[in-house]
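Okay, here's what each chain looks like letter by letter:
Protein chains: 2
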Amino acid sequence: MAPVAELICVGTELLLGDILNSNAQFLAKELAKLGIAHYYQSVVGDNPDRIQQVVRTACDRASLLIFTGGLGPTPDDLTHATLADCFGVPLVEHPEILADIAQKFAQRGRTMTPNNHKQALLPQGAQVLTNSGGSAPGIIWQPRPNVTILTFPGVPTEVKYMWQEVAIPYLKSQGWAQNTVYSRVLRFWGISESSLADKVGNWFDSINPTVAPYANLGEVKLRISAFADSEASAQQMIAPVEATLRQVGGIDCYGADEDTLAIAVGRLLQKTGSTLSVAESCTGGSLGGMLTAVSGSSAYFWGGIISYDNSVKTGLLGVDPHVLATHGAVSHEVAKQMAAGVRDRLNTTWGLSITGIAGPTGDTDDKPVGLVYIGLAGRDRVESFEHRFGALRGRDWVRHLSCCTALDHLRRRLLKAEM
Amino acid sequence: MAPVAELICVGTELLLGDILNSNAQFLAKELAKLGIAHYYQSVVGDNPDRIQQVVRTACDRASLLIFTGGLGPTPDDLTHATLADCFGVPLVEHPEILADIAQKFAQRGRTMTPNNHKQALLPQGAQVLTNSGGSAPGIIWQPRPNVTILTFPGVPTEVKYMWQEVAIPYLKSQGWAQNTVYSRVLRFWGISESSLADKVGNWFDSINPTVAPYANLGEVKLRISAFADSEASAQQMIAPVEATLRQVGGIDCYGADEDTLAIAVGRLLQKTGSTLSVAESCTGGSLGGMLTAVSGSSAYFWGGIISYDNSVKTGLLGVDPHVLATHGAVSHEVAKQMAAGVRDRLNTTWGLSITGIAGPTGDTDDKPVGLVYIGLAGRDRVESFEHRFGALRGRDWVRHLSCCTALDHLRRRLLKAEM
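Going down the list, the protein sequences come from chains A and B.
Note that my numbering has the first sequence beginning at 1, numbered continuously upward.
Note that my numbering has the second sequence beginning at 1, numbered continuously upward.
One chain only, chain A, in its complex shape (with noise of 0.2 Å):
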């Protein structure tokens, strides 16, 4: 039968409201999608007797406890001695996670220090769950017959390596990951939570499927959630809904689940054979940096110019100087000129541009914080476009919005150029 699960996270910093607790929400996701009930979760501090108190507590109410953090090598890092104390057993050290701590520091060059040794002391009868990632490992720990707990250390990047490679074998091994949450996330941009909640708000009330919205940085996502006894049975209810919603989106529906606009426009730029050089001023290198992100994509992204200063603008991508000072840098012309001459210089289908005010200085009159121009020049057509992205949101916001705004652009006109 599939146990109850809790999470606790420790910490100190997420009391004092340092770190956002991400972890919570990871896990939580990856134990719906399970299938694994879970009722509650507690965050604690680097303090032995509260540690102790939430074990007690957790362990009254479920049977597998989920730890993150406190693993590290300093001497507030407490969670396994904390819990070889709850359960009356001695810690043991494990040469073999020494000998893998100094081998890690010795790969980047340096020297594993004394309190390293703390990481291979370990509950005695815990299994070492592998943190190939980081040096402190975890571990797999049935102290007593209906508790099984598991540790993580609180580092995200982590916790997510040693879910995958680790805890998810583990727990279908034991047969506790018998039915599944399975999701699919649809992706939208250029439509509002409101606009696309008007379109296929009938769905919001499916049980199962269920089929919700939520907006996050000016990108809109309708989540299709079924419950199922497998995964493959999950897939089967959601992809007619998916089918209904993706016709009824339309062209703002840009993928799915981990799909990105980079992701979308590189599939495109792929399919139609062309390939994709950027200029950027206002974003630095911001567009460059998303495009790159994805795995692969020197097959069609060949490069660009960061035009931060007007002299690198006129220097490097030939943007005339006359038209420079009459219109100014952040202009439909300016745009236009830019996107032609990447296209031009790094000799490629497609030049994007980016010209703008990302504030929070740096307006005049007649140019508010948040105005931006994007070029896309084509083969035979430059084009241009004017946003304005407002200055209450900051300049984070203005910068990554010019980003996606500029992929979307390109990705509606690589979409018109396939029909």
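Just so you know, these hints were derived from the structure itself, not from any lab.
A quick note: this is a predicted structure, and the numbers were derived from the prediction, not measured.
Among the clues, some could well be false.
Quick list of in silico lysine-lysine cross-link-like pairs, DSSO-like style, CA-CA up to 30 Å [as the list claims (entries may be wrong)]:
| no. | chain 1 | residue 1 | chain 2 | residue 2 |
| --- | --- | --- | --- | --- |
| 1 | A | 221 | B | 104 |
| 2 | B | 118 | A | 199 |
| 3 | B | 221 | A | 160 |
| 4 | B | 199 | A | 104 |
| 5 | A | 29 | B | 29 |
| 6 | B | 367 | A | 160 |
| 7 | B | 160 | A | 29 |
| 8 | B | 29 | A | 160 |
| 9 | A | 29 | B | 221 |
| 10 | B | 367 | A | 104 |
| 11 | A | 118 | B | 221 |
For chain A, the structure is supplied; the task is to place chain B on it using the hints.
Relative to the frame of chain A, chain B by itself:
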């Protein structure tokens, strides 16, 4: 005497991992600022029995219970009804709340629905905690001596507004916010958490201020926190500890609080009156993105060339095709030529370059994933540095570490130039 607080976040969406619990971080930070201790946080679903269990546990160990979530109009919003049950009082309808909700709906051209009536039902004896931004009000309630309850909705913007406008004045009026915990975070690059702990570990036993280490994404931080009767006196307690830790930390300490490596580098460039350009291969513009995330960076950052494809390295950066063919794109030689090339073409004091194998593909027998060369060209000298970041933590990690490490090389060089 100040109470001990406990956070209770209600919502099945938190248990499903649909949303990140940003309310917990916000409230934790606020409690710390007010000097109100808080040792536990709980998350529980929209289930009356389980909410009651959490309330009972919390009453045993805290005297100020702060709830978020479960105040909406739908049947799964149960917080107020469950609290009334818990303390054995009926719900009472507040006509002024109903009138307020009706008015808010009218303002947006909407009509109140019958389910909004539910939001006007509060436990008998509870005061209204006004929510001027949304429909759901919270409560301030002392159901029995030594227990005070504050409730907030789940929407983060509403929580923030209600906290500032109503909760803080209330807590101060009770004399519960007379102390403060003030923290300062020192930031380090180029040293491991355990090595830093070796140097400053004697401080980890300090009681007030406390000193604690954190590590994240290649960076190590030391948080110095002081508990005092005012921010000013906390700052006075922190200042000498900070000075000592900075001295012991030496050149590895690059800044404090909201500083980034890009901000630290920008400060040094401005101080030395020098300018910077970048040439990026595997990071594809992300280094430029980090530099221009800093408002005012146009004073010293002129731009760069994203030479993702080799044709851009030779064509735009002037890398010698023979050197490229002999040593490969990922080499000391190419890194140096990229850095010198971008410095010359953009006419800046410094040129900084990155070329490497971000993975997961693209490696060869002698050049593994994670191998990265950083080039740094100054007025009279061109250096390069080899790093091996490994393949285990993935593409994003290699790219992030490459950018940070490049900035750190420039930072150390600028500090040397200064001396």
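A quick look at each hint next to the structure:
About 27 Å separates the Cα atoms of residue 221 (chain A) and residue 104 (chain B), which keeps this hinted pair within 30 Å; it holds. Of the pairs offered as hints, the one joining residue 118 (chain B) and residue 199 (chain A) holds, with about 28 Å between alpha carbons and a cut-off of 30 Å not exceeded. At roughly 22 Å between alpha-carbon atoms, residue 221 (chain B) and residue 160 (chain A) fall within 30 Å of each other, so this suggested pair holds. For the suggested pair residue 199 (chain B) and residue 104 (chain A), the alpha carbons sit about 21 Å apart, so the restraint of at most 30 Å is met.
Using a Cα cut-off of 30 Å, the hinted pair residue 29 (chain A) and residue 29 (chain B) holds, with the two alpha carbons roughly 25 Å apart. Restraint check for residue 367 (chain B) and residue 160 (chain A): satisfied, since their Cα atoms lie roughly 27 Å apart, inside the 30 Å limit. For the given pair, residue 160 (chain B) sits about 26 Å from residue 29 (chain A) by alpha-carbon distance, which is consistent with the 30 Å threshold. With a C-alpha separation of about 26 Å, the suggested pairing of residue 29 (chain B) with residue 160 (chain A) holds against the 30 Å cut-off.
For a cut-off of 30 Å, the pair hint linking residue 29 (chain A) to residue 221 (chain B) stands: about 29 Å separates their Cα positions. Taking the CA atoms of residue 367 (chain B) and residue 104 (chain A), the gap is about 18 Å. The hint holds against a cut of 30 Å. For the hint linking residue 118 (chain A) to residue 221 (chain B), the alpha-carbon distance of about 20 Å falls within 30 Å, and the restraint holds.
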